[in-house]
Structure formats: C-alpha cells, structure tokens
Amino acid sequence: MKVYTPEDIEMFNKLLDLNMSEERKKAVLPTYQDWITRAEAMDKKMSQKGFRDILPCNIFKHGN
232 MKVYTPEDIE
242 MFNKLLDLNM
252 SEERKKAVLP
262 TYQDWITRAE
272 AMDKKMSQKG
282 FRDILPCNIF
292 KHGN
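Heads up, the sequence shown is in our numbering, so the first residue is 232 and it goes up one at a time.
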C-alpha cells in the first residue's frame, strides 16, 4: 500500500482545482489515503480476467 504525502495531496488539489487551507489538507490526508487505497484495490480486481467484461457505470452530473 502506497502512503500518500502532503505533496501528493497538493497535487490532487491542483488537479481537482480545489483551494484548501493547509489545515484542511492535513485533515483530509487520511480520507484521501482510504479512498485511493480502495480505488486501487477495485482497479486491481476489475483488471482480473473474470471481471474484464464488466464495466462500472458511473454518471456524474453537475448543475441542472
């Protein structure tokens, strides 16, 4: 399991165009660690031969 650093959080925030205070960045580090670890585990599972034909369907909607 990769351990994410404050520098990683800074990169994520820039990629997501978030403007978090330093205090907030420190507070979200454990949450980011958990989310990313779980996403990586799901990616690994879905890459297995038995799951390659299954495509998760996520729809993100913004606004009306």
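Warning: the hint list may mix true and false statements.
Claimed, not checked - In silico lysine-lysine, DSSO-like type, Cα no more than 30 angstroms apart, as pairs: (1) 256 to 280; (2) 280 to 245; (3) 292 to 245; (4) 256 to 233; (5) 233 to 257.
Don't read these hints as lab results, they were simulated from the structure.
Going through the hints against the structure:
1. Pair hint residue 256 plus residue 280 does not hold up; C-alpha atoms about 37 angstroms apart against a cutoff of 30 angstroms.
2. A C-alpha spacing of about 35 angstroms is found between residue 280 and residue 245, which places the hinted pair above 30 angstroms, so the restraint is violated.
3. Distance restraint check for residue 292 and residue 245: the Cα-Cα separation of roughly 21 angstroms lies within the 30 angstroms cut-off, and the hinted pair is therefore satisfied.
4. Between residue 256 and residue 233, the direct Cα distance comes to roughly 18 angstroms. Compliance with the 30 angstroms bound is thereby established for this hinted pair.
5. Under the criterion of a C-alpha separation no larger than 30 angstroms, the hint pairing residue 233 with residue 257 is consistent with the structure, at around 17 angstroms.
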